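Colleague: As they're listed, the protein sequences go chains C and S.
Each residue of the first sequence is one higher than the last, beginning at 5 in my numbering.
Each residue of the second sequence is one higher than the last, beginning at 5 in my numbering.
The hints are simulated quantities; they were obtained by calculation from the structure and are not laboratory data.
Check the hints yourself; a few may be wrong.
Since the list can't tell identical chains apart, any single copy or any two copies may satisfy a pair.
Here are the simulated PhoX-like pairs of lysine-lysine, each with C-alpha atoms no more than 25 Å apart in a straight line [claimed, not checked]: (1) Lys123 / Lys176; (2) Lys112 / Lys53; (3) Lys138 / Lys65; (4) Lys138 / Lys53; (5) Lys112 / Lys82.
Note that the coordinates shown come from a computational prediction; the quantities given were computed from them, not determined experimentally.
Protein chains: 2
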Amino acid sequence: MVKYPSGSTAAFRKPVKRPKVRRSFSHRKGVSFSDRGMTLEQQINESNKYYLDEGIAVVHKKPTPIQIVKVDYPQRSKAVIREAYFRQASTTDYNGVYQGYYLDFEAKETHNKTNFPLKNFHEHQIFHLNACLKQQGICFTIIGFSSLGRYFVTPASFVIAAWQDKNKSSMKLEELEENSIEISSGFRPTLPYIDAVDQLIKGRK
Amino acid sequence: MVKYPSGSTAAFRKPVKRPKVRRSFSHRKGVSFSDRGMTLEQQINESNKYYLDEGIAVVHKKPTPIQIVKVDYPQRSKAVIREAYFRQASTTDYNGVYQGYYLDFEAKETHNKTNFPLKNFHEHQIFHLNACLKQQGICFTIIGFSSLGRYFVTPASFVIAAWQDKNKSSMKLEELEENSIEISSGFRPTLPYIDAVDQLIKGRK
Chain C
5 MVKYPSGSTA
15 AFRKPVKRPK
25 VRRSFSHRKG
35 VSFSDRGMTL
45 EQQINESNKY
55 YLDEGIAVVH
65 KKPTPIQIVK
75 VDYPQRSKAV
85 IREAYFRQAS
95 TTDYNGVYQG
105 YYLDFEAKET
115 HNKTNFPLKN
125 FHEHQIFHLN
135 ACLKQQGICF
145 TIIGFSSLGR
155 YFVTPASFVI
165 AAWQDKNKSS
175 MKLEELEENS
185 IEISSGFRPT
195 LPYIDAVDQL
205 IKGRK
Chain S
5 MVKYPSGSTA
15 AFRKPVKRPK
25 VRRSFSHRKG
35 VSFSDRGMTL
45 EQQINESNKY
55 YLDEGIAVVH
65 KKPTPIQIVK
75 VDYPQRSKAV
85 IREAYFRQAS
95 TTDYNGVYQG
105 YYLDFEAKET
115 HNKTNFPLKN
125 FHEHQIFHLN
135 ACLKQQGICF
145 TIIGFSSLGR
155 YFVTPASFVI
165 AAWQDKNKSS
175 MKLEELEENS
185 IEISSGFRPT
195 LPYIDAVDQL
205 IKGRK
């Protein structure tokens, strides 16, 4: 067993591959490039790494659930999965802990410029957010309008109500502006969503 | 999009396959059978389902992280993963929320009857528990002595200290008895670890 000198966490860290930065932005004229061409998921993962390294919060993306059917064990090399299937997740993609608070959120990106279609949220995600809310978690969504370079942290209660409304198929941009905390893509962290979490916590008190 | 009547959660629930109950216990003489021959993981998963259904807590096992290399999309049937590899997890297996508290734990089973070898904990698990502790999470391990039918909920602080002790290769059963909350395998839930969490929370206040 490898032991590490107490107090040092450096030995724990695996080298993390930085997401590739797109070099060509020519097809996205007139858009803020502070997100450096990363997907929303890449931005959040990079932010989570920053928050972890700085001791600010511990948030991880959950792996995609896979049903493994067949595994090969070739000699002198590692196990290879030869048959497996994607399974339906039963939770949101992200959760973690921040100053004693349980955080739980789903992140979604749209190319749409005027509204966010509610069908992008799945039943199990809405159910999970609702269950976590009842346990007093800090639950929200991060919605990215990639064509606009705008990002909204929206309390889960608002999203759940919109999703449950049978007459509603999307959340309009104006509705999100009114009911969210808008955050801007930056450098360190790439997407400072914990700033919005601070406001959600303050609002709850 | 399927919408559900507000207030009802039944539509959310997927049918959950019950773990198979072993019918023959003849090889395990003199042992309590209240765990019905389930592995520790099965017991915890079943308990988590009970806690979720009853609105007591929301805790899920994280999926195993997989690096997917090749996926086939056969016509008229779902995607098949044809080449993938197991990746190292960067967290513990379980986390969730209970009455506003962030819960994080790792569960391990041993056939050993007198001690629990510390090499069963991996560096990334210890690091993760430590990081979550600093964020005021309720962090612990569930150690099952399967030969004895005994289960211990041990605060992460004790496990981390033992793991970091270069002169220590295992935690003795007596040490665990002294520094843990022992729980008994039962019926509903199969493994009532939230009872121990209540004590951990009380102890922290």
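Colleague: A separate judgement is required for each hint: does it hold in the structure or not?
Modeller: Status of the hints after comparison with the structure:
no.	hint	result
1	Lys123 / Lys176	within (13 Å within a copy, 53 Å between copies)
2	Lys112 / Lys53	within (19 Å within a copy, 27 Å between copies)
3	Lys138 / Lys65	both (22 Å within a copy, 19 Å between copies)
4	Lys138 / Lys53	between (28 Å within a copy, 16 Å between copies)
5	Lys112 / Lys82	between (34 Å within a copy, 23 Å between copies)
In the structure shown, no violation is registered for any of the earlier numbered hints.
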